[in-house]
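Residue numbers (the numbering used here), protein chains in the order written: chain A, 1 to 158; chain E, 1 to 336.
Simulated from the structure, these hints should not be mistaken for lab results.
A few of these clues could be false.
Now the in silico label distances, taken between C-beta atoms and shown as ranges [to be verified]:
1) A:A139 - E:S302: 42 to 52 Å
2) E:A281 - A:G113: 54 to 64 Å
3) A:R131 - E:D223: 23 to 33 Å
4) E:F210 - A:G113: 23 to 33 Å
5) A:G113 - E:R321: 29 to 39 Å
Glycine included, each C-beta is placed from N, C-alpha and C at the ideal position.
These are the residues of each chain, in order.
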Amino acid sequence: MFRGSAVAALLLATLVTSAALAQDQDEDDLPVLVAKPGGHALLIWDATTQVTDIVKNKMNDAAADDVLERGALAAIASNRDALSRSASDVTVNIIFKKIGAINPEYGTPTYAGVYKCAVLKMDGNDVFGKRDGWPTLAASAPIPAWVHFSLVGQLPPR
Amino acid sequence: MSATPPNIGAAKPPDPPQRAGVMVIAGVVVVLLAVLIAGENAIVAQRMQHLPRLATDFSATYLDRELQALAEEPPQTVFLGDSVLWGYGVPAGDIAVARLSARGLTAENLAFKAANPANDFFLLRLLHDRGVRPRRVVLEINQQVFNPFDQSYRALHPGVLALARPLLTPADVRRLRVAPDAGPQAALERAASNLWLVYGMRSDLRESLFERLPTPPPHIASDMFAMTYDQAPLRKSNVGLVYLRATAALLASTHTPALAFLTPVNHALLHEFIDNPQYGANKRRLVEALREHGIATVDFDSALPSRDFFDNDHLNPQGQRDLAELLAGALAKTKL
Chain A
1 MFRGSAVAAL LLATLVTSAA LAQDQDEDDL PVLVAKPGGH ALLIWDATTQ VTDIVKNKMN
61 DAAADDVLER GALAAIASNR DALSRSASDV TVNIIFKKIG AINPEYGTPT YAGVYKCAVL
121 KMDGNDVFGK RDGWPTLAAS APIPAWVHFS LVGQLPPR
Chain E
1 MSATPPNIGA AKPPDPPQRA GVMVIAGVVV VLLAVLIAGE NAIVAQRMQH LPRLATDFSA
61 TYLDRELQAL AEEPPQTVFL GDSVLWGYGV PAGDIAVARL SARGLTAENL AFKAANPAND
121 FFLLRLLHDR GVRPRRVVLE INQQVFNPFD QSYRALHPGV LALARPLLTP ADVRRLRVAP
181 DAGPQAALER AASNLWLVYG MRSDLRESLF ERLPTPPPHI ASDMFAMTYD QAPLRKSNVG
241 LVYLRATAAL LASTHTPALA FLTPVNHALL HEFIDNPQYG ANKRRLVEAL REHGIATVDF
301 DSALPSRDFF DNDHLNPQGQ RDLAELLAGA LAKTKL
């Protein structure tokens with residue numbers, strides 16, 4: 001009797017938790033972190049995928065900068081809802097992760113460090129406006145001069 | 001007359017008495033090895049019986065034995081949480097759970113470094129599947145581990161994973177990026193670990209014999225924690241939130257009384273990053289996820305002063321003492 005009720009309880013618990021787990025849609029990685037939503041707002045964009053492509057495709061410096069600058073703009077555009085409208089300016093720290101050996105226990109790569117390679121900064125008023133149509137800038141359109149982008153570190157050698 | 005060719009290279013089979021001698025020696029070696037391993041197992045089992053807290057790299061063998069022991073003697077209260085509750089930088093005897101135990105609470109501290117809601121969920125599943133029925137569960141909820149940038153965001157501890165692998169659904173495997181089982185190598189590893197405890201619990205043994213507390217960095221600046229908390233609204237698909245909900249559902253469906261508490265955070269240090277409306281909104285979201293399943297949460301987020309911390313959330317001995325007081329008060333008040 002007890003064994004039967006224990007099995008039933010276990011089955012019920014499994015069903016309930018399975019239902020709870022099944023409710024979510026799996027997410028893609030969110031490579032943008034909102035570190036500070038207001039004041040001098042700060043986003044951190046993990047551009048490891050883009051940096052890997054830059055190295056793999058042996059891009060020159062100008063092309064690499066363009067990839068990072070447009071990516072950082074997209075990071076702001078897709079996270080405007082998470083930023084405070086009173087933010088005086090928004091900075092994106094562009095980082096990449098150096099990958100180390102595979103951890104035998106976890107079966108995943110170990111991190112050899114996080115590197116900041118570039119910074120993009122925009123005025124708060126521009127972030128929440130559509131100046132020069134920046135939120136939907138075409139890939140071929142020039143990046144507005146009022147967007148401040150600077151390299152602060154080195155990309156891996158190509 | 002023909003000469004007989006010399007028998008070069010061919011091994012001469014041992015004559016019967018010689019073969020018997022080899023067999024006897026082999027038998028003696030096997031028996032000695034078995035006695036040695038049995039002796040070692042007895043010593044290790046005695047020494048490693050219920051450590052005050054899990055080792056940093058605790059083994060599946062240790063966890064398995066601990067779960068068996070808990071099934072035989074269920075604890076009053078099981079604590080689940082991360083390095084804050086585990087007691088980073090503080091001797092095992094000085095941590096909050098040890099202080100509560102010293103007051104007479106029968107407690108099992110299953111908190112460990114780099115834990116997260118997924119580990120909590122599968123630890124609870126393992127407890128439940130082994131027939132361990134604690135009187136209540138205390139859950140530590142740390143907003144830090146809901147950050148997709150956190151290294152533990154999707155990670156199951158190898159010790160938990162080894163035991164929980166049969167419980168994982170394909171969705172768990174995808175969500176937690178679980179590497180496939182190493183096949184025969186893993187089976188061999190499990191067999192060796194079960195047979196020889198020194199091997200199976202080598203990491204637990206090493207830490208229990210030579211534990212050296214990590215030294216917190218002497219100079220702490222807020223910029224060091226810029227990537228620690230994500231101030232974007234918590235999404236429904238956040239991996240931590242998914243498993244927090246599942247944990248709450250499991251506790252409710254098994255009628256296990258539970259109390260959650262929000263990890264104390266060093267607001268004086270992190271003011272520029274976390275003292276904003278979104279941090280509060282995310283906190284409420286976590287509390288609501290638990291409340292949906294009838295689990296009350298006490299908010300210790302801003303409860304402790306800066307002097308209680310080593311860094312953003314790890315508590316020094318005074319902080320652990322203060323956390324013990326807070327927990328004792330909350331447990332008494334909720335009367336679970």
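Okay, the hints, checked on the actual structure:
| no. | hint | result |
| --- | --- | --- |
| 1 | A:A139 - E:S302: 42 to 52 Å | holds, 46 Å |
| 2 | E:A281 - A:G113: 54 to 64 Å | violated, 32 Å |
| 3 | A:R131 - E:D223: 23 to 33 Å | holds, 30 Å |
| 4 | E:F210 - A:G113: 23 to 33 Å | holds, 28 Å |
| 5 | A:G113 - E:R321: 29 to 39 Å | holds, 36 Å |
In summary, the one numbered hint that this structure violates is 2.
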